[in-house]
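Since chain A is already given, all that's left is putting chain B on it; use the hints.
Protein chains: 2
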Amino acid sequence: MSEEPVGGDLSRLRQLNASAVLRELRGDQPLTLTELSKRTGLSRASTEDVARDLLGRGWLAEVAPALGSVGRPARRYRFNAGAGRLLGVDIGGHKVLALVTDLDGEVLNQTRIAVDPEAGRRERLAVMDRCVTKALTGAGVEAGQIWSTGVATTGLVDGSGKVMLSDSLPEWSGVDLAAHVRRLVPGPVRVENDCKLAALAETWHGVARYAKDVVFLLAGLRTGAGLIIDGKLHRGFANWSGEIGALPAAGWLRAPEHLTAWLETTTRRDASTSVGFESVFIAARAGDQGALQAVRDYVRDLAVGTSALVLTLDPQLVVIGGGFSRSADVMVEPLRRELDRWCLRTPEIRVSAFADEGVALGAVRLALEEVESTITTGLRP
Amino acid sequence: MSEEPVGGDLSRLRQLNASAVLRELRGDQPLTLTELSKRTGLSRASTEDVARDLLGRGWLAEVAPALGSVGRPARRYRFNAGAGRLLGVDIGGHKVLALVTDLDGEVLNQTRIAVDPEAGRRERLAVMDRCVTKALTGAGVEAGQIWSTGVATTGLVDGSGKVMLSDSLPEWSGVDLAAHVRRLVPGPVRVENDCKLAALAETWHGVARYAKDVVFLLAGLRTGAGLIIDGKLHRGFANWSGEIGALPAAGWLRAPEHLTAWLETTTRRDASTSVGFESVFIAARAGDQGALQAVRDYVRDLAVGTSALVLTLDPQLVVIGGGFSRSADVMVEPLRRELDRWCLRTPEIRVSAFADEGVALGAVRLALEEVESTITTGLRP
Chain A
99 MSEEPVGGDL SRLRQLNASA VLRELRGDQP LTLTELSKRT GLSRASTEDV
149 ARDLLGRGWL AEVAPALGSV GRPARRYRFN AGAGRLLGVD IGGHKVLALV
199 TDLDGEVLNQ TRIAVDPEAG RRERLAVMDR CVTKALTGAG VEAGQIWSTG
249 VATTGLVDGS GKVMLSDSLP EWSGVDLAAH VRRLVPGPVR VENDCKLAAL
299 AETWHGVARY AKDVVFLLAG LRTGAGLIID GKLHRGFANW SGEIGALPAA
349 GWLRAPEHLT AWLETTTRRD ASTSVGFESV FIAARAGDQG ALQAVRDYVR
399 DLAVGTSALV LTLDPQLVVI GGGFSRSADV MVEPLRRELD RWCLRTPEIR
449 VSAFADEGVA LGAVRLALEE VESTITTGLR P
Chain B
99 MSEEPVGGDL SRLRQLNASA VLRELRGDQP LTLTELSKRT GLSRASTEDV
149 ARDLLGRGWL AEVAPALGSV GRPARRYRFN AGAGRLLGVD IGGHKVLALV
199 TDLDGEVLNQ TRIAVDPEAG RRERLAVMDR CVTKALTGAG VEAGQIWSTG
249 VATTGLVDGS GKVMLSDSLP EWSGVDLAAH VRRLVPGPVR VENDCKLAAL
299 AETWHGVARY AKDVVFLLAG LRTGAGLIID GKLHRGFANW SGEIGALPAA
349 GWLRAPEHLT AWLETTTRRD ASTSVGFESV FIAARAGDQG ALQAVRDYVR
399 DLAVGTSALV LTLDPQLVVI GGGFSRSADV MVEPLRRELD RWCLRTPEIR
449 VSAFADEGVA LGAVRLALEE VESTITTGLR P
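For the record, the sequence lines run as chains A and B. Under my numbering, the first residue of the first sequence is numbered 99, with each subsequent residue one higher. Under my numbering, the first residue of the second sequence is numbered 99, with each subsequent residue one higher.
With the rest of the complex left out, here is chain A (with noise of 0.2 Å):
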């Protein structure tokens, strides 16, 4: 009777064990090889072989022995975040908005460019070519040493990176995005949908890092959800998972009118920015009946969709991100109580705690998958 496994076994188990270290050292303590084994469950030699794989690869790092140690100290090793450069960018209707950040999500170029709602697709395009050239730039990094790069757009995506439609966006259905980006990086590109994006970066280094099931609602101009089920983000049959907005019954497509129609009549301030739409906000805030009036209205039908995804998925979690979600203090207890009123069990709402930079962040985690999807491929058979 033999243990050992061969083939298709051993890649799978390889994957498992080099997914179980790497995960107990994406936390801030170093730990030694004695350590590692105990908290994966891992045989001692299956560790060591694991630790020297991902050292080779570059994952992970030796750290100076803890001082005061008796004897031969033992090494320890951390996740080395800095050894790859990822890149995100995130096209929107009003921006491009470029990350350039190490494994672990860490920051270091933001860039954002300006760009007109109504701009066609070359211009479009070029001014993300500029945002990405100012990106690497501003982080002191050639495009050749970006590992992955992922790229959030509006709009239903393909699997080989082609934007199939977009309404919000001119010109922008069947644009090959994944293309267009590989003439600036040359590594691996792959392109998602914004709001599933946002969802992602939210399980990553957001609100919901603890949820299993999570429904991302992106508020704002568009309202646009992304799901997290069993832990992974749910992308369905084509791809087209998360447009309950489509459907005029769930409320949306209607919801920011109400903002609109206050915003027409009261200020006459810009509409089609949701900065304009936060004055609607400003005054709900300093009690104007009208603003107040116009929020419950925009909130009552933004529940309706959003009751509609809590009563099929029963999530553990409502994230509400977006533009609008800068004013979500007055948004909360509105959206709690219709939830109430419409569901079985109302799930906690959290609203996200990034600025603008949640769909971006997304992208940048899409990245990282590439690379981690690589792991397994990557270690000696």
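Keep in mind that the hints are not guaranteed to be accurate.
What the hints assert, rightly or not - Pairwise CB distance ranges (calculated):
(1) His192(B) to Ile380(A): 26 to 34 Å
(2) Ala451(B) to Lys330(A): 28 to 36 Å
(3) Ser258(A) to Asp328(B): 20 to 28 Å
Hints were generated in silico from the structure; no laboratory data involved. The C-beta atom is built at its ideal place from N, Cα and C for all residues, glycine as well.
Chain B only, in chain A's frame:
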């Protein structure tokens, strides 16, 4: 450097190995160890080891060697579905249905006893007792021979097998079904919501066998949903998923009223059973304009909530089950047209091939899940 995994490693690996061997043997063909090793990618030694364990537990059986083999013929193995017995019980509004099956869900006895929809808790439980006893007797099986039992009920169920909330059955909220059934059959008992189990049955032996993401619709006097996500039944944080029907905007609360209205004004037949409802579909099939309109109105409301589920999850497949699925021929095309209207991508629509035993068969699958979870813990470490 050692390849030998220990501790937690090993049991996870052995579970993967045992599952892989069982998966290959669930087909019709008995297989030799050489064939099993090749198909699973496991080493010969690991395959032999797993097979020995599974034989010891009765999950595998040896088959007579193939005729005409030259030399000493190789032993062949098959999944031994006959090794154990499972019990599945469906407690509905109008009936209790019990199935006694083998480990593959092959039905040895199916017993149905009608129950008054207005029956209270005690009466309904008494009917269930009789139904289970009759099914066991019919199958020639002692209660002690049942390896595991699954129970399906309408309403929301908690993890311990208690009904948390049931709107449709009188005095049903709070009943501890698991405890009650344990008095009848000594093995482990698991309880789950009927829509969820019907979805499970479709992925096991029904029309959704090859799909990873499935929306199952229970279309009948009540409308409900069960969700298969990434190949697994999605339960949610408190096991309250799939309840979108509670949201008025989803249209499901109102949907059956169109059928009731036609029945009341036209035929005055009994509208309290789905058989009574069938006359609407019969009339629609015969071309009655009023009945056709009633079905169209029903489907229009059904489609709103269904579109919400489809837009949220982007499933590969929508399966229609429940009492009205017998009349699916007049429902599918109108439903497809409505989904085309609201959804970005209309998934394939299939009609359940089960008569009304789908829910009970899902309860059997739940019982099998319980048995399968012992594969790991039961194998020697």
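*Among all the numbered hints in the text so far, which are the ones the structure does not match?*
Hint 1 alone not satisfied by this model.
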